[in-house]
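Per numbering that gives the first Met the number 0, residue 0 is the first one in the sequence shown, and the count goes up by one each step.
Note that these hints are calculated values from the structure, not bench results. Hints should not be assumed to be uniformly reliable.
[Said to hold, decoys possible] Distance ranges between label pairs, derived from CB positions: (1) Arg245 <-> Asn135: 43 to 49 angstroms; (2) Lys165 <-> Thr255: 48 to 54 angstroms; (3) Glu92 <-> Asn149: 14 to 20 angstroms; (4) Lys69 <-> Ala247: 48 to 54 angstroms; (5) Ala247 <-> Glu267: 14 to 20 angstroms; (6) Arg182 <-> Lys217: 43 to 49 angstroms.
[What the hints assert, rightly or not] Below, in silico cross-link-like pairs of lysine to aspartate or glutamate (EDC-like), each with a Cα-Cα straight-line distance of 20 angstroms or less: (7) Lys217 <-> Glu207; (8) Lys243 <-> Glu214; (9) Lys243 <-> Glu207; (10) Lys61 <-> Asp10; (11) Lys41 <-> Glu229; (12) Lys98 <-> Asp42; (13) Lys61 <-> Glu8; (14) Lys61 <-> Glu99; (15) Lys277 <-> Glu267; (16) Lys284 <-> Glu53; (17) Lys136 <-> Glu229; (18) Lys277 <-> Asp11; (19) Lys165 <-> Glu151.
Since the model is a prediction, treat every value here as computed from it, not as a measurement. Built from N, CA and C at the ideal position, the CB exists for glycine as well.
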Amino acid sequence: MGLMLAGVERDDEVLTQALTFIATCNALSYIGAHPVFIDVDKDTMGLSPVSVREWLAKNSEKKNGECYNKHTGRRVKACVPMHTFGHPVHLDELVEVLKEYNIELVEDAAESIGSLYKGKHTGTFGKVGALSFNGNKTITTGGGGMMLFNDEELGAFAKHITTQAKIPHRWEFRHDHIGYNYRMPNINAALGCAQLEHIEEYVASKRETAHAYEEFFKNIDGIDFFVEPEDTRSNYWLNVVILKGRDAQQDFLQYTNDNGVMTRPIWELMNRLPMFEKCENDGLKNTIWFADRVVNIPSSVRL
C-alpha cells in the first residue's frame, strides 16, 4: 500500500535490494511493479546510494521530469531501501540521488523501530515509511504494523482506505474508493501502545546485548561482530557475525545448532528465488559477499 500511495503503478520499476526478507519484494509484486536489485554497502548491509547512483547514470534517462529505464522503457518510480537487521542505510546520500532523478523514497523500516539516523527515526525520511509489529520484532502486536507519513493529507487518505474507504455516517454505508480491511483490532493496538512506552528500555537492552557480543568476539579469530554504521543508533534487531567464507559459515551453523544454540544464515537472496530470478540487477558484489558469510545469533530483548 505504501508503494501505491507513493504513486507506483503496474509495470513501474522500483529500485531495492536483493538482501532482504521476501516481504519487501512481495509488496512490489502486489501492485505489479518490477524490482531492480541494487547492491548494498559493506558498512550497513543496506541499499548503497553509490550503487544506486551508478546504476541510474548508466541505465536511466529523464523524460518529462520522470526517470525511465533506457533498456526496458519502464518508469523508475520509487526506491525501497531496507534497514537490514535495524542498521540504517546512508539516508542523506540516498535522498540526494533520488531527488536528482525524481524518484520517491519508500522506507522499509520493518526491522528498525527505535533506530536513528543522525538523530532522526528511520521510516521518516521518505514519502512513506513502514514499521512491522510482527511477533519477532522489538515491539509486537502479534502481527501487522504501522505506516509513517510526512504528508498529513496522504496519511489521512491511507487511514481512510484501510477502513474500506467508508464515508463516515451514522447509518449509511457509502464508500468513495477501492478500500482494504487493514485495520488493527483495538486489543492489538493497546498491546503495541503499552510496549511503545518502553521502547527506549527495549532498545537499550538490545544494545547492551550487542555490546557484550562485540566484546566477546574481539577475542575470537575469524569471526567479526557487525556493528552499527557511523552517525546512527541501531536497535540491533538481529545480531550478526561475519565468518571468513561459505565453508566457515556452514560449519558455524552446524556446530551451534547441534549444540542447542539457534543460529541461521541471512535470507536467500531475492534474485535467486524463482519469482524474481529474471529481475535486473547490478551484479550484487557485496550482497553475495554477505550471503556467504552472515550468521544471525540469538538477539532477544531479554537475552
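*Can you give the numbers of the hints that this structure goes against, from lowest to highest?*
1, 4, 9, 12 and 17
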